[in-house]
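K.L.:
Top line first, the protein sequences correspond to chains P and L. Per my numbering, residue 144 is the first one in the first sequence, and the count goes up by one each step. Per my numbering, residue 9 is the first one in the second sequence, and the count goes up by one each step.
Source of the hints: derived by calculation from the structure; they are not laboratory data. Owing to the predicted nature of the structure, the values given are computational and were not obtained by experimental measurement. Each hint should be verified, as a subset may be incorrect.
[Stated by the list, open to error] Stretch-level coverage of chain L by chain P, calculated; a stretch enters the list once three of its residues show a Cβ under 8 Å from a Cβ in chain P: (1) 101–108; (2) 312–326; (3) 422–428; (4) 465–477.
Cβ atoms here follow ideal geometry from the backbone N, Cα and C, with glycine treated the same way.
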Amino acid sequence: MKLKKILPQLLTLLFIVLVFGFFTMNAQENMGARGLEFGFGFLKTQASFDIQFSLIDYDGSHTYARAYLVGLLNTLLVAFIGIILATLLGAIVGVARLSPNYLIRKTASFYIEFFRNIPLLLQIFFWYFAALRALPMLEDAPMLLNSSFMTIKGLYTPAPIWTNFDVFFTTIIIAMIVIFFFAKYAKKKQEQEGKRLPVLIISLSIFIGLPLLTFLIGGVDLSWSFPVIRQMSASSYTFDGGLKIPPELIALTLALTLYTTTFIAENVRAGIQGIGKGQKEAAASIGLTQSQVLKLVIMPQALRIIIPPTTNQYLNLTKNSSLAAAIAYPDLVLVFAGTAMMQTGRAIEIVGITMATYLTISLGISLLMNWYNKRIAIQEK
Amino acid sequence: MTINHMNFFKPKHQKNRNISLIMGVLFFSIGIIDFYLNNYFNTNITSFLPRIINFFTPLIFGVIGLHLIRIEFSGIKILDSLNKNINTTNFNAALSVSIILLIIFGLPPLLNWLILDANFAGDTKEACTGGGACWVYIKVWFNRFMYGMYPNAEQWRVNVTFIGVLVFMAAGFFVPTKLKNYLSLYYVLILPLISFFLIFYLISGGDTEISFAFIASIIYFFLCFFIPSKKAKLYFFSFVPLLYIFLSLRLGESAYLAIPGLLWVETGAWGGLSLTFMVSFFSLIFCFPLGMMLALGRRSNLPIVKYSSLSFIEFWRGVPLITVLFMSAVMFPMFLPDGTYVDKLIRVVVAITLFEAAYTAEVIRGGLQALPRGQYDAAKSLGMGYWRMHVFVILPQALKLVIPGIANTFLALIKDTPLIFVVGLLELVGMLNLAKTNPKWLGFSMEGYVFAGIIFWIICYSMSKYSQKLELKYKTDR
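Please build the complete structure, drawing on both the sequences and the hints.
P.N.:
Take a look at the structure:
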């Protein structure tokens, strides 16, 4: 009996040790033959390659560690924009799929069936190589909303120029903290005295009002730098000022958003459908208004169904953003596992770091998810 | 009264029904016609209105029209169902009109580009003169898109392999009931072997050399089956490896039997849609046994087995496929003894198999968890051990439950396969990108992507519908 329990475990352990041992031995030998030594010292050396698009200061004189950070931030940027857009669009499409209106319902399901059944990579290629390449040249681009230009080289929009941005930013954080405590206070008051404060309106006015105040008394100022076209030579033009959003970012965000939206929309639909009709009727029969039914009865229950699979989709979106490498958007994979590896030849360290980064993000989010799930789970007594 | 207080110019009595109906249809038609003329004939019949309103005229007219024909219990069947389905409130009417206008705006140009103005005839770039799509491009490159650089004369081999694998896969559904118990073994062990040999001998081809030692051992192995006594059988079976080692040492490396094969086609030439299928299909078949072991391991109550399976699964599920492919391309060779060369395609299939096995494991685990405890208890009470219980009782039921889940995994796998371009293998999307840069055929990227999109869409859509159907069927079964 004892042997039956120990033998399989011993075999597993032996197998793992043998595989790892074999790989490590070979890796040491191979690296030795190439004159490389395992280590992360190379991160501190000068990277000497350029990155097209970066959120922080970067040029060739910075280190590989800095290049890694640039790539990571670019990945997070795409993931962040994609998640926000996909959530908004997903909620709308998901609700639209349940609309009583036949046209709306069919349009929503057509959209979902269309975009979820085409490989994401193909969609990215389509937007980048086919759709965005059909845009006008810089000099022919029409002006949109009196300020922006959509050209083959990307989107040029006005760039905000802040004075005393830190004051503004701090105020926003303070406003958030105030709202947090206010909401807690309001809830307590409702539980004790049964009075309902208009939480939403007051929170919104705090969130908008406080930062606006800084313009009056905090010395914060905002002006816009508009993109202006300039002729460099007979046939080449450029834009001065403004903010340039590269077409790679647009194509990637567009494809990721449209693709992930379909999955989120299905989650939203399943969540709303998962709530029994009796819940709605019971809530209405105790005298709650239509909006109260939605806010206090339907949404808390629907969210419990919607959120776990949706977080999974957020994770997928983040992982899928690594397809950026296919259209040369400088994300973590392209910058680090691509360019940096070609230059240093340190395959094991770099692929290891890249995988560890994604793994950290994934595991972090799933831990957060487990914690959240436990918190909102129905507490049965 | 309270419900209708907004309908200020709506007739309250049924006797005004016809007037209201005629006015409504008139308004609606004016809206549509205005939009149509605006878009396709560049004439604006409502230009006398201020500019801001002018842009929205079709919408406004349409909504007013729909508002007027929103008559409850009108007595006209079509009108009633129309009102019920697209015209319940003003907001809904506005949405419906917007969608109708959007269809009018988008559909004709799309149809023109896809079919009416498109070029189908001819076989050079010059044949494409119209403003529409150039399907000639697809026609000329069709073989390349399907088979990659595989020689034209040898392409039947790819087809035969696919038909063969499908036949062997379908064979499982028609076995006699006596053998049904062994079905999961067939899918998990024998089918992968058969598919491997099919690829090896048909698609890859080339002469093969088999050592005499191996042949002799195999013959000995099969001869052992004819030994009547069960105990002696086992005894003789155990000599197989010994015999093999002894013979190969005795005969040496020179004793090979050369079997002439088909013309050898190197893996670099494989490509196109057939490669998409090959990689996804064979990864699926190979990842199935591994996924099953991992799923069982994860549910095991032996800590080392459990946590090593768990960390394996979580590791592969946490990283993007593209980094896994990078790993197989640049990192994996470092882990092998110097001078070993493993074919690129094999490395990719192994990488995708490992990656996909983690997902398959989770799917199978779901199936295992869905089985009621009574099944385990019943099997144990019959005195079955761990393996016997799983092979004959648990897995056959669990695997049936997870077929839809496996279909979804396969779907995701097909959609992920284009990623193998990062290691330089050109399946359909990769071939498109190659064809796009051909100097003779510049500027047709749109046609290529639309073509690939349609193909992928048909495959994935039909498969997802099928898996949904299966899911419904099994739900009602239980």
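K.L.:
Output the indices of the hints that this structure fails to meet, ascending.
P.N.:
none
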